[in-house]
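Engineer: What follows is the residue order along each chain.
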Amino acid sequence: MTRAATVPPPAATAPAPAGRSGGTGRPRGDTALLGLLGFAAFLLVLELVPRLGLVSANYLPPTSEIAVALGELLGESRFWTAVADTLRGWFLGLAIAVALGVVVGFVLGTVPVLREFTASTVEFLRPIPSVALIPLAVLLFGTDLRSVLLLVVYAAFWQVLVQVLYGVRDVDPVARDTAYTFRLSRWARIRHLLWPTALPYLLTGVRLAAAVALILAITAELIVGAPGLGNEINRAQSGGAVDTMYALIIVTGLLGVAVNVLARRLERAVLSWHPSVRGEGTR
Amino acid sequence: MSGDARSVSGDVLRRPGAGRGRRIGAAIGRALWWSAAVFGLPFGLLALWWVLSADSETFYLPPLSEILASFDDVWWHSDRLRADVLPSLLRLAAGFLLAVAVGVGLGVLIGSFRRVRAFCEPVLEFLRAIPPPVLVPVLMLFAGFGNTMKVLVVLSGCVWPILLNTVEGVRAVDEVLAETCRCYGIRGPARLWHLVVRSASPQIVTGLRQALSVGIILMVISEMFAANNGLGFTIIQFQRTFAVTDMWTGILLLGLLGFLLAMLLRLFERSALRWYLGLRHSQRDDGQR
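Those protein sequences? They're chains L and R, same order as listed. For the first sequence, numbering that gives the first Met the number 0 gives the first residue as 0, with consecutive numbering after it. For the second sequence, numbering that gives the first Met the number 0 gives the first residue as 0, with consecutive numbering after it.
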């Protein structure tokens, strides 16, 4: 989500994935070393702050203690069940949202009248915070997986849909006219013209949706009480196991990083033909 | 939406010899078409909801007519607007504005210096990847159950999209403009304001938009956790006491607020980014015609 844009940047026809090192011919090792140093400094500060008594260790245990708690967690089957639960909610929700977003986006995007008549509704429904649905989810499904899915799908769907709508609109006029001249059938136009145009946008949408879906999966567990990491955090907190709570939070952060990295990998792999990705290699 | 409005008006413009009457007729037709396009589906959906739920016996899905009827009583004719909605909005505003200050400030700093960026980036990536609601329990430890905690929760979630987008925006400052500034000896605050912040502003606004939706979510969540007033608290209270109709009015109100705030931000965007939107518009048109 670094250069996340609901509206893709104007200069690039496609949302170019931001290069991690920042591009132009810098020594990569230098950057990586500084980054590592930064991380070490961060951990050191977190170790020292409670040790020096700046913040009570009851609130913020030193890094080493959190690390120990994390190690203990890794040995517990209960923890792994929670991770699996969270990932299941995340993945199912994301998959449903992407499928829905692609289908609805292409239908709305290719039929101008439909797009015109749904624009206001999309704009209205999109900013509705997904947490508004929490009480409804609780009443309807309790702490079931379906509660999680309701929230995840609702939140992630809009990310995908809006990106697809933008993408379908972005067809190159020359290519479009060419397709008409060659009398491509409707299906061929979708396959060869719309799909490649919209794909970069779609993948940006998937990347945004993946992050949002993880956040909502964990939120749902935290508040609704569905099984998963969020629920474990809640337990640890109310049980006074502060170090375990921090360890779990770190795990959610790592999951988030993993999701981002995976989404970027996917983007690069699927878009290997696209100038925005090819350009990076030649630079 | 605007793209289609243009194509409709394009049709009208292409008739060269249209008389005054026809032009007025066309204008009326256009207005009708536009309002049908904007209001058709929402009202259609509402009507559908109204009809389908009219004699709903399901406890969890009361008739829309009942929900709307009790909306006034629940929010308007009670003290809730002042006692619950206002505090929520104030917390949201405080957290959001703080996040803007911190995010843009730090973002400009980190974005301007390559080494600082290399130093901070992995940590930032990690911190950003932590789902913000997870920090609610942590901040509860530090700041108790009061307003401070809630403002901090909103801040902790809002700051990342703003910060990271600002960094990206600052990084992408146009080389030529930067060189020009150097040639003319524009430095310090003037350079910062006129070059760096201005060039980054489209990205910053994107960050603001993302931050706003995160902020609303966090405001509600922090209140669902531990509070004795606020929108989130009230809605959860309705849910726990099985006041389903009242709960539905709360959901509607939250949706409405989310929508209004997004509109507000868009108004701000329109005025703050007028130069940029105009630029983009002209570039797009060049490309298309």
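Hints may be right or wrong, so weigh each one.
Quick list of simulated restraints, FRET-style, between CB atoms [stated by the list, open to error]:
(1) L:Leu73 <-> R:Ser270: 31 to 41 Å
(2) R:Arg113 <-> L:Leu265: 20 to 30 Å
(3) R:Asn146 <-> L:Val54: 18 to 28 Å
(4) L:Leu51 <-> R:Asp72: 51 to 61 Å
(5) R:Arg22 <-> L:Phe181: 35 to 45 Å
(6) L:Leu113 <-> R:Val50: 20 to 30 Å
(7) R:Phe112 <-> L:Leu51: 22 to 32 Å
Counterexamples of contact, computed for chain R against chain L with all Cβ distances above 10 Å [stated by the list, open to error]:
(8) Ile23
(9) Phe38
(10) Leu47
It is worth saying that the hints were derived from the structure and are not from the lab. Given the structure is predicted, the values throughout are model-derived calculations rather than measurements. All C-beta atoms in this analysis are idealised placements derived from N, C-alpha and C, irrespective of residue type, glycine included.
Engineer: Give a verdict on every hint.
Structural biologist: Hint check:
1. L:Leu73 <-> R:Ser270: 31 to 41 Å: 52 Å, violated
2. R:Arg113 <-> L:Leu265: 20 to 30 Å: Holds, since Arg113 of chain R and Leu265 of chain L (Cβ atoms, about 28 Å apart) stay within the stated range.
3. R:Asn146 <-> L:Val54: 18 to 28 Å: At roughly 21 Å between Cβ atoms, Val54 of chain L and Asn146 of chain R fall inside 18 to 28 Å, so the hint holds.
4. L:Leu51 <-> R:Asp72: 51 to 61 Å: Cβ of Leu51 of chain L to Cβ of Asp72 of chain R: about 55 Å, so the range 51 to 61 Å holds.
5. R:Arg22 <-> L:Phe181: 35 to 45 Å: For Arg22 of chain R and Phe181 of chain L the Cβ distance comes to about 38 Å; the hint holds.
6. L:Leu113 <-> R:Val50: 20 to 30 Å: Roughly 22 Å apart at Cβ, these two residues keep to the hinted range, so it holds.
7. R:Phe112 <-> L:Leu51: 22 to 32 Å: 28 Å, holds
8. Ile23: 23 Å, holds
9. Phe38: 7 Å, violated
10. Leu47: Answer for Leu47 of chain R: holds, closest chain L Cβ roughly 12 Å.
Checked against the numbered hints given earlier, this structure breaks hints 1 and 9; the rest are met.
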